[in-house]
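Enquirer: Keeping their order, the protein sequence lines are chains A and B. Sequential numbering from -3 applies to the first sequence in this note's numbering. Sequential numbering from -3 applies to the second sequence in this note's numbering.
Some hints here could point you the wrong way.
The list makes no distinction among identical chains, and a pair is therefore deemed to hold if it is satisfied within one copy or across any two copies.
To be verified - Below, computed lysine-lysine pairings styled on DSS-like, alpha-carbon distance capped at 27 Å:
no., residue 1, residue 2
1, Lys211, Lys233
2, Lys233, Lys31
3, Lys155, Lys233
4, Lys7, Lys155
5, Lys31, Lys339
6, Lys7, Lys351
7, Lys7, Lys233
8, Lys233, Lys29
9, Lys64, Lys50
The hints are simulated quantities; they were obtained by calculation from the structure and are not laboratory data. All of these numbers come straight from a predicted model, not from anything done at the bench.
2 protein chains.
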Amino acid sequence: MKTLNLDLGIKSYPIYIGQNLLTQADLLTQHTKGKQVMIVSNTTVAPLYLDKVKALLGNYTVNEVILKDGEQYKTLDTVNEIFTALLTARFDRTCTLIALGGGVVGDMTGYASASYQRGVNFIQIPTTLLSQVDSSVGGKTGVNHPLGKNMIGAFYQPKCVLIDVDTLDTLDDRQYSAGMAEVIKYGLLGNIEFLTDLQQNISDLMNRNKALIIKTVHQSCADKANIVAQDELESGKRALLNFGHTFAHAIENTLGYGVYLHGEAVAVGMLMAAELSALEGFISHTEAQAVKDLLQKAQLPITISSKISYQKFTSAMSVDKKAGEGEIRLILLKKKGDAPISKDYQQHHLEQIIKDFL
Amino acid sequence: MKTLNLDLGIKSYPIYIGQNLLTQADLLTQHTKGKQVMIVSNTTVAPLYLDKVKALLGNYTVNEVILKDGEQYKTLDTVNEIFTALLTARFDRTCTLIALGGGVVGDMTGYASASYQRGVNFIQIPTTLLSQVDSSVGGKTGVNHPLGKNMIGAFYQPKCVLIDVDTLDTLDDRQYSAGMAEVIKYGLLGNIEFLTDLQQNISDLMNRNKALIIKTVHQSCADKANIVAQDELESGKRALLNFGHTFAHAIENTLGYGVYLHGEAVAVGMLMAAELSALEGFISHTEAQAVKDLLQKAQLPITISSKISYQKFTSAMSVDKKAGEGEIRLILLKKKGDAPISKDYQQHHLEQIIKDFL
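Kindly produce the complete structure, drawing on both the sequences and the hints.
Expert: If you want it as structure tokens, here you go:
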């Protein structure tokens, strides 16, 4: 097992990464305050791992709430189901919530933890590649609104993140690929050595070589923890982690949440950002093509599956929270190892890219 | 104008108290970040003061969302109306929300500010006595759930609190009395000099002597700011501010939100706590009677208006968030100047008090 520490002062916490962690009770219980534990999971993950996690919590009052599976259920109404379960079970402010599932479960459980009685204990057990390498680390929690993705939420840090890569054994190929999109993001954001590794090892990774998965998850979490430690509340550098996401959110919002998996939309969004960077002359077209190749090898989409109107798409983009004071800022690839957030692009190039992809 | 400072490190903020403050633009604009301002008010307060506040914000893009008036609308659904207004107006994370109204508007606007894009700028302009002396100060925000009051929310501090006591000119007598309940709370919690002042001046205060109101609001805010500065997140001393509130929340929850005003329920709850304290022998029955007299002079209820079943009432009490680990802790009056939170009472005395009041 490897342990990373996300350094946030008194809010610091460990990220445990390894195999067979869901049999080690003390990893979990040392971070479980109070006597009441609510496990939040979904209809896909609960049948696979709920009993295993419950078995680690013999000395606690353990309840569960099982949500429907899918980004389209990441809403305020679903979070309210968690509140209702907590209140029905008479859970007080000393209780602990455990998110057992992917990014959607983690985001909603985190926001419920931030909001229930104005804040209770929270633990992440991510079971998808995307949540293991990205969403479970860093404390971004929240839900979607019909008018915009992740528009409602809180920065709320867990007490620990417990990543058992064995849970990926039950993850289907499409979800696995979606997680690989966020892995590729860390490579593109400036970790050239990691990017080179990925380009060399993508076939083995897609064949689920476990040692390689552990190394990859660890590297992704380390990169994310490093950025978050510098800028917890996204007033600067953390915005880099949204590479491709302004496009991705517009894709998800206009297609409807759940049509593309989040990671799939991010893949297309990163390619759009790479091609815009090439149009601006920041990177070569060969480098943009290499991004496309890597995404394709990870079996990720590189086009938008359905027709979306230009007006609808740009309107959805403009609502994105990285739009500061009305202008759309994007993260562009400038050169290897440098990906700044920028308004430094020509509007007609952006229009061309959007039209190319719609 | 008097200015108090609530000392919370980098989250510190000023509380301005005086007359005619809603004509002084710079008081407001020095705390208004960004260019976009959303004023949240309700159908009662907006016709009276919305234009006045808007007139102070000539250089900003100002939108408003007008909510229904009443505790029964303090729900997640109503907060979602604020999110919808923000997203429809394309407000980004640099925007400022202004709560213009009483405690319900302040609590919901604060929670919306904490949650919109994971946190935006927030200003309180309380227009009721209750919100001026209590709820606008200290950063407790949130909404009710059908199973419990204030069970969903956040600790989220405003950038300033602007208390123009002239807004009380339009406050009806019932609301004014409800606010006086929280004023009396500060006296009972240990400020003996303030309590003596209140007992002497209650008639003049009820006759709305403006100089006395300013002094009273200032003293209440100073007492609250002092406690909050010591314990922002209510891990200890801040719980004192919930004196009478475990009973009050059970009254509101079982009667239905909006039947009693919050301050009215707090008045009955404080009397229940005082009489329990007398039964325990912590204070004399004469002292408990003095509490009753003061509440009556403030034209506050001292009984519960409708029949509630004992079982329903105690069940509602047990859900209260001050119930730590399953036991109900109450704030009791021990002697003048000392009101600790305690489980140090006899269960049959609590039962007797509840039965006396139901």
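Enquirer: Please go over all the hints and tell whether each is borne out by the structure.
Expert: Going through the hints against the structure:
Taking CA atoms no more than 27 Å apart as the test, Lys211 paired with Lys233 passes inside one copy only; the shortest distance there is 24 Å, against 47 Å between copies. When the C-alpha separation of Lys233 and Lys31 is checked against a cutoff of 27 Å, the pair qualifies only between copies, where the shortest distance is 23 Å, while the shortest distance within a copy is 38 Å. Both within a single protomer and between protomers do Lys155 and Lys233 lie at most 27 Å apart by alpha-carbon distance, with minima of 23 Å and 25 Å respectively. Taking the closest pair of Cα atoms, Lys7 and Lys155 come within 27 Å of each other both inside a single copy (8 Å) and across two copies (23 Å).
Proximity of Lys31 and Lys339 under a CA criterion of 27 Å is satisfied inter-copy only: 19 Å between copies versus 50 Å inside one chain copy. Taking the closest pair of Cα atoms, Lys7 and Lys351 never come within 27 Å of each other, the shortest separation being 44 Å inside a single copy and 45 Å across copies. Proximity of Lys7 to Lys233 under the C-alpha cut-off of 27 Å is found in both arrangements, the shortest distances being 19 Å within a copy and 22 Å between copies. For the homomeric pair Lys233 and Lys29, the shortest alpha-carbon distance between copies (21 Å) is at most 27 Å, but the shortest distance inside one copy (33 Å) is not.
Taking the shortest alpha-carbon separations for Lys64 and Lys50, only the intra-copy value of 20 Å comes in at or below 27 Å, while the best inter-copy value is 44 Å.
Checked against the numbered hints given earlier, this structure breaks only hint 6.
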